[in-house]
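Just so you know, the working numbering puts the end of the sequence shown at 133, numbered straight through with nothing missing.
Bear in mind the hints are in silico, worked out from the structure with no lab data behind them. Positions of the beta carbon are idealized from the N, C-alpha and C atoms, including for glycine. One or more hints might be untrue.
[As the list claims (entries may be wrong)] With beta-carbon atoms standing in for the labels, derived distance ranges:
1. ALA59 <-> ILE8: 16 to 22 Å
2. GLY39 <-> PRO71: 17 to 23 Å
3. LYS129 <-> PRO2: 47 to 53 Å
4. GLN38 <-> ALA60: 22 to 28 Å
5. ALA125 <-> MET1: 41 to 47 Å
6. ALA4 <-> ALA35: 27 to 33 Å
7. PHE93 <-> ASP16: 35 to 41 Å
8. PRO127 <-> GLY102: 37 to 43 Å
[As the list claims (entries may be wrong)] Below, simulated SDA-like cross-link-like pairs (lysine to any residue); rule was C-alpha separation at most 20 Å, straight line:
9. LYS90 <-> GLU28
10. LYS29 <-> LYS90
11. LYS29 <-> GLY56
12. LYS6 <-> ALA27
13. LYS129 <-> ALA106
14. LYS51 <-> ALA4
15. LYS29 <-> GLY12
16. LYS29 <-> PHE91
17. LYS90 <-> PRO2
18. LYS29 <-> ALA85
19. LYS90 <-> LYS129
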Amino acid sequence: MPVANKSIVAPGALVDTMAQILKALAAEKQVAVDASVQGVEVGVAAAAIAKSLASGERAAVLLGNFAQQHPQAAQLALLAEKIAALSGAKFGFLGEAANSVGGYLAGAVPFGAGVQGMNAAAMLAAPRKLMCC
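Full structure from sequences and hints, please.
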């Protein structure tokens, strides 16, 4: 997938960078700026990303594992969701690992109708039977 613009920043600068993109996107769309980003100064990279999102087709704003584990994960998710809504993009999260996604697709997860999940200690205390194909 071709990348039109990107911004690589230190972990501590992620929230500010997302806020810059939101503010620049609001200016591109000519809508009122979210109050939470009014005092933010927009950089060149953030403006370029906002311009791409404002004019792009089939856009998506996806947060990966790093953003989900970040100390300010909730704020990152909120900003990303606002950016996606303003740009008409899809919003979502990337799975932690291929095995996690595969497990969900295969139905190999400890939940569902009438199923209680167990942690490792519980499974060792009450061994499970193998369920196969």
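**Proposed proximity, PHE91 with LYS29 (alpha carbon, max 20 Å)** = Holds. LYS29 to PHE91 sits at ~18 Å (cutoff 20 Å).
**Message:** With the threshold set at 20 Å, check whether the alpha-carbon distance from LYS90 to PRO2 stays at or below it.
**Reply:** Answer holds: LYS90 to PRO2 is near 17 Å, not above 20 Å.
**Request:** Look at the Cβ atoms of ALA4 and ALA35 and judge whether their distance stays inside 27 to 33 Å.
**Result:** At 29 Å between Cβs, range holds.
**Request:** Quickly compare the C-alpha distance for LYS90 and GLU28 to 20 Å and report which way the hint goes.
**Result:** Distance ~18 Å between LYS90 and GLU28 Cα, so the pair holds.
**Request:** Starting from the hint 35 to 41 Å, judge whether the C-beta atoms of PHE93 and ASP16 obey it.
**Result:** Violated, since PHE93 and ASP16 (Cβ atoms, about 21 Å apart) do not stay within the stated range.
**Message:** Tell me if the straight-line CA distance from LYS29 to LYS90 falls inside 20 Å.
**Reply:** With Cα atoms ~17 Å apart, LYS29 and LYS90 stay inside 20 Å; holds.
**Message:** Checking one constraint from the list: CA of LYS29 to CA of ALA85, max 20 Å. Satisfied?
**Reply:** At roughly 12 Å apart (the allowed maximum being 20 Å), ALA85 and LYS29 satisfy the hint.
**Message:** Against the range 37 to 43 Å, how does the distance between the Cβ atoms of PRO127 and GLY102 compare: consistent or not?
**Reply:** 24 Å, violated
**Message:** A range of 22 to 28 Å was offered for this pair. Does it hold for the Cβ distance of GLN38 and ALA60?
**Reply:** Since the Cβ atoms of GLN38 and ALA60 sit about 27 Å apart, the hinted range of 22 to 28 Å holds.
**Message:** Check the hint pairing LYS51 with ALA4 against an upper bound of 20 Å on the C-alpha distance.
**Reply:** 10 Å, holds
**Message:** With the threshold set at 20 Å, check whether the alpha-carbon distance from LYS6 to ALA27 stays at or below it.
**Reply:** 19 Å, holds
**Asked** Keeping to a limit of 20 Å between CA atoms, is the pair of LYS129 and ALA106 held or broken?
**Response** 17 Å, holds
Checked against the numbered hints given earlier, this structure breaks hints 7, 8, 15, 19; the rest are met.
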